[in-house]
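A.B. asks: The lines below spell out each chain.
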Amino acid sequence: DQQVKQNSPSLSVQEGRISILNCDYTNSMFDYFLWYKKYPAEGPTFLISISSIKDKNEDGRFTVFLNKSAKHLSLHIVPSQPGDSAVYFCAASGIGGNNRLAFGKGNQVVVIP
Amino acid sequence: NAGVTQTPKFQVLKTGQSMTLQCAQDMNHEYMSWYRQDPGMGLRLIHYSVGAGITDQGEVPNGYNVSRSTTEDFPLRLLSAAPSQTSVYFCASSLGEGTGELFFGEGSRLTVL
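So the protein sequences, as listed, match chains A and B. Heads up, the first sequence is in this note's numbering, so the first residue is 10 and it goes up one at a time. Heads up, the second sequence is in this note's numbering, so the first residue is -19 and it goes up one at a time.
Since the hints were derived computationally from the structure, they do not count as laboratory data. Treat the numbers as computed from the prediction; the structure is a model and nothing was measured. Worth double-checking, as some hints may not be accurate.
Listed below are the simulated BS3-like cross-link pairs for lysine-lysine, each with C-alpha atoms no more than 30 Å apart in a straight line [to be verified]:
(1) -6(B) x 14(A)
(2) -6(B) x 80(A)
(3) 14(A) x 46(A)
(4) 80(A) x 114(A)
(5) 14(A) x 65(A)
(6) -11(B) x 63(A)
(7) -11(B) x 14(A)
Some chain B residues judged to face chain A by a derived CB distance under 10 Å, without partners named [said to hold, decoys possible]:
(8) 8
(9) 20
(10) 24
(11) 78
Heads up, the beta-carbon is just placed ideally off N, CA and C, and yes, glycines get one too.
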């Protein structure tokens, strides 16, 4: 039973526009929520995170929003750049330890120049 | 600046064979873990270690063994390979009980025939 869910497996967006990725979770005990970015033939790399006590965290072009009542978070990338073309994984931690991550299935993002 | 190093990058096994995937990190991280990534499944935790001499099971531990004799190394052993273990394996490390920010290796692609 997947605790972190990412629907809409792929997203295409024009360069300069906003990319919005969505993620839902089922367990209210998670403490942190994270986004990882993955290029082909490479390992995932950490992108941005948010604590469960916050509702927004911003880092440059990347912003993560958390809606605890809806058990929903989203990642906004503004403006999107061709180098952002990758698979994005939503993850959650805090159950059994903060380093035990539960991952979603991932979203493929393609930024069209 | 090696980070997390995994070997081999590719391996083909026959059913019933055994092998070890190697993982080494040079960041003096206490926490290390193994994930597998299957199409449409995201990443799932196999085993993890919070320090030398300490290991524990993750979400999908069956068919795998681990040990942690040093801080740097965390090998993953497949005892008797099965086609269901065909996957991409990622090793990850973290400094301590943080927020879930893990450093991943580049992955090892294993095919079991």
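A.B. asks: Now tell me if each hint is right for this structure.
C.D. replies: So, going through the hints one by one against the coordinates:
For the hint linking residue -6(B) to residue 14(A), the alpha-carbon distance of about 34 Å lies beyond 30 Å, and the restraint is violated. Distance check on the hinted pair: residue -6(B) and residue 80(A) sit about 43 Å apart at the alpha-carbon level, beyond 30 Å; violated. As the CA atoms of residue 14(A) and residue 46(A) are separated by approximately 16 Å, the hinted pair is consistent with the 30 Å bound. With a C-alpha separation of about 17 Å, the suggested pairing of residue 80(A) with residue 114(A) holds against the 30 Å cut-off.
Only pairs whose Cα atoms come within 30 Å are accepted, and residue 14(A) paired with residue 65(A) is accepted, the gap being roughly 20 Å. Taking the CA atoms of residue -11(B) and residue 63(A), the gap is about 39 Å. The hint is violated against a cut of 30 Å. A distance of roughly 29 Å separates the Cα atoms of residue -11(B) and residue 14(A); the hinted pair therefore holds under the 30 Å criterion. A hinted interface residue such as residue 8(B) counts as satisfied when its beta carbon comes closer than 10 Å to some beta carbon of chain A; here the least separation is about 15 Å, so the hint is violated.
Because the beta carbon of residue 20(B) sits about 6 Å from the nearest beta carbon in chain A, less than 10 Å, this interface hint is met. The criterion of a C-beta within 10 Å of any C-beta in chain A is met by residue 24(B), whose closest approach is roughly 7 Å, and the hint holds. Hint on residue 78(B) holds. Least Cβ distance to chain A is approximately 6 Å, under the 10 Å limit.
Violation of the numbered hints given earlier is confined to hints 1, 2, 6 and 8; the remaining hints are satisfied by the structure.
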